Each structure stands twice: as structure tokens, then as C-alpha cells.
Amino acid sequence: MRTKESRRERRGNAILTGLMLSTLLGFAALSVDIGLIRVAKTELQASLDSAAVSAAGELNGTAAGRTAAVETAVEVAAVNTVIGAAVVLPPANVELGVYDADTGTFTLADGTTPNVQVNAVRIVDTGVTFDAILGQVAFGQASYGVNSRAMAVRSWSGKKAGSSQCFLPFAIPDCHLAGTAPGTNPDPFKFTFSPTPTDSIAWGDPDANPNSADIKSQLSGQCSHEEIELGDPMYVNEGSHTTALQLIGDVLNNSTALVPTTWDTTLYGAMPARDGVHANLPAKSDVTVANWGNTLQGVVALVDGGTDCSAVSFTGSLTITGFAWGVVYDVQDSGSDKNVWMQLDLINEHEIWGDADDSGTGPTVIAADPPAMVVY
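Read left to right, the sequence shown gives residues 341 to 716 (the working numbering).
Please note that a few of the clues may not be correct.
[As the list claims (entries may be wrong)] DSS-like cross-link-like pairs, simulated, lysine-lysine; straight-line CA separation at most 25 Å:
hint, residue 1, residue 2
1, K556, K624
2, K530, K556
3, K556, K678
4, K678, K530
5, K530, K381
6, K624, K678
[What the hints assert, rightly or not] If you anchor each label on the Cβ, the simulated ranges turn out as follows:
hint, residue 1, residue 2, range
7, D450, P430, 43 to 51 Å
8, A553, T659, 21 to 29 Å
9, G656, D442, 42 to 50 Å
10, T445, L621, 23 to 31 Å
11, P430, S595, 20 to 28 Å
Hints are computed from structural coordinates only; laboratory data are not their basis.
Since the model is a prediction, treat every value here as computed from it, not as a measurement.
Glycine is no exception: its CB is placed at the ideal position from the N, C-alpha and C atoms.
Based on the provided sequences and hints, a complete structural model is requested.
Here it is in C-alpha cells:
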């Protein structure tokens, strides 16, 4: 026989069960959405880390590098998603600055900060909003938002090239760079071969007195030799080696298998004028008008030339004191004024470098170190 009390108990149990189910559903929704939020935070952090590291890789000591860093951060972030939602990184959230590893401080760069000092990319708090899974049903929470930040440092700043596996077969006396202000490149050089005493450059070989065959082989395959290092001897020869100069002319005229590199106006300004002061006159140059602007580029060894470049003796071997990036843009292989015109780059990074090293007393260059690393 059913009583009013038993019916009340059943109704109470039903209410209690309903409350318990609601509570369990709430906990389930909370658990699912907490997991979702954690995944979102991980995905957003990975996206911003990737953007910061890629952006830091664009920092190369130039104004163009700073611009490229911001653009790259925005572009890399945009290819990522967080729980299906697009990552939108405003350019204003990308800050460039100087990171001091010793103090762990980041100083925001401004228009007066030298480009060569800017080594870090910081992405300030950036958020993404995404749809909830069960939060709408359980709590009326339709979406969630997560925020994160990142910073990456380009580790090349202040490092010097201590060695190089690849190089052009030149030996350039370091005295030519005397007086060059820190953080700047010298004006382009006209390097003249024999006869003495007008010579200002020599061919270089780390093993023996350079001959035409070895010089041409090294010009064609810069990375085919063993590594050269600071303090190593570089055997020198001031002879003009006409066939080697002709090979350089062929490269600049794009008539060999070795493809020339276009002059970089962003790094070095306008192509030098063919006025006899900044390059050979067209009638003297081996480079045709159609191919003006082509270059042969690579590492060049700087050797101990003493304090007076006019008194350098290109006999035997000279000690390697440093490295520079050489940009050969003109050549004359005939007559009494055989020469190459070259821009020496002391401040920009080039990925072909060997090991980085802080030793050495001669002029040196910034070298590629390990990739940019995430700091936070």
C-alpha cells in the first residue's frame, strides 16, 4: 500500500538525483573546459614563441632587419590557430629591444638605438578567444580567453668569427681597416695586385704558395678547403694570376656555373659609380653594362699587415687576424692596373661563417651563433 510519505520520498529522491546529475554535469563541463583552456594556453604559447624566434632571426644589425622582424612575427603568428581560432598579433604588440643576458633585462629600442645593438624581440600580452565546449550548457559561459607573451634573443650580437670553412682566396692586410668606426663598414676598396709597391692585396692559401689552379679551384668551390682559423698562417702571393681574375670577371658577367649574387642596396647603399674613383671606368672594367650589379661574395681572411699598409711584404705567409665578408663587384684583368673592387662587410651576419669566437686582436666580424632562443 502506497502512502503519501513514500510518494514524498520518491519525489525527494528524484529532486536529489536531479541536483546530483546537474552537479556532475557541471563538474564534467568544468573538467572538459579546464582541459580545453590548458590546451589553448599551450597552443598560444607555442605560437608566440615561434613568432618571436622567427622574428629574432631577421635581426641583422640593419633598419631593414628591424622592419622584417616585426613583419615576420605577425606573419608567423597568423599561420597558427588556438582551438581553431586564428592568432591575431597586432604589430604594436611586437617590441624590439636590447637584451642584456648578464642582468636579464630588456630595454625597449627607439629611433636612437643603433641597429647593431638590437638583438631581441618581445611580444607583449596577446590574447585569443575561443568557443567553450560544455560551458555554455553548464554555466552559460559561451567562450573563453587566454593570454600569453614571449621573447626571443638573437644570440649573434657581439660575437666574432673565429674560423670559417668557406672563404675566397684573398689575403687582405688588416691595416686597411685602421680607423674604421665600430659598428660601421669602410668605403669600398680598390685592391691592386702586382707590381710592388702599388700592390695592396694578395691571393691567399692556407697550405702553400697560391698558384693559379688552386686559386681558381677555391673561387669556384669556396667550401672545398679545410677550415681556417684565427692565428693560422695564410700563404700569400701578390702575382696577378690573370686567369683567376678572368674567372672573377666570368662570374660577375654570369657566364659560369657559379651564379653571382646581386648587390644588396639595403646593406651597402647604392651600387658604386663607374667613375674611376669608386669602380673602374667602363672601358677598363671586365664587367659588362648589362651585368653591372652582380657580385661574388664570401669570407675573406684579414692578415697581419702591421701598421703601414704601404710597407706590407707579400712573401711567405702572414698570420690570420680576423675575417670579413667580401663583396667583389668589379675586376680588371689586363694592363698594368690589375685589380678587384670590393666592399668589406664587418657588421652584418652571414650564415656561411664557421665557429664564433671572441678572441683575436684584428678586425673581426659578427658571426652566426646557435639559433635565436626563447627567453620567456
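Evaluation of the provided hints:
1. This hinted pair checks out: K556 and K624 have alpha carbons roughly 22 Å apart, not beyond 25 Å.
2. Of the supplied pair hints, the one linking K530 and K556 holds, its CA atoms being roughly 20 Å apart against a limit of 25 Å.
3. Proposed proximity of K556 and K678 is supported: the alpha carbons are some 16 Å apart, at most 25 Å.
4. A threshold of 25 Å between alpha carbons decides the hint, and for K678 with K530 the separation of about 10 Å falls inside it, so the pair holds.
5. In summary, the hint linking K530 to K381 is not supported, as the alpha carbons are separated by about 57 Å, beyond the 25 Å threshold.
6. For a cut-off of 25 Å, the pair hint linking K624 to K678 stands: about 10 Å separates their Cα positions.
7. Taking the beta carbon of each, D450 and P430 are about 19 Å apart, not inside 43 to 51 Å as hinted.
8. Range check, A553 to T659: Cβ separation about 25 Å, and the 21 to 29 Å hint holds.
9. Between G656 and D442 the C-beta distance comes to about 43 Å, which sits within the given range of 42 to 50 Å.
10. A hinted range of 23 to 31 Å is violated for the C-beta pair T445 and L621, which are about 53 Å apart.
11. Between P430 and S595, the C-beta spacing of about 49 Å breaks the proposed range 20 to 28 Å.
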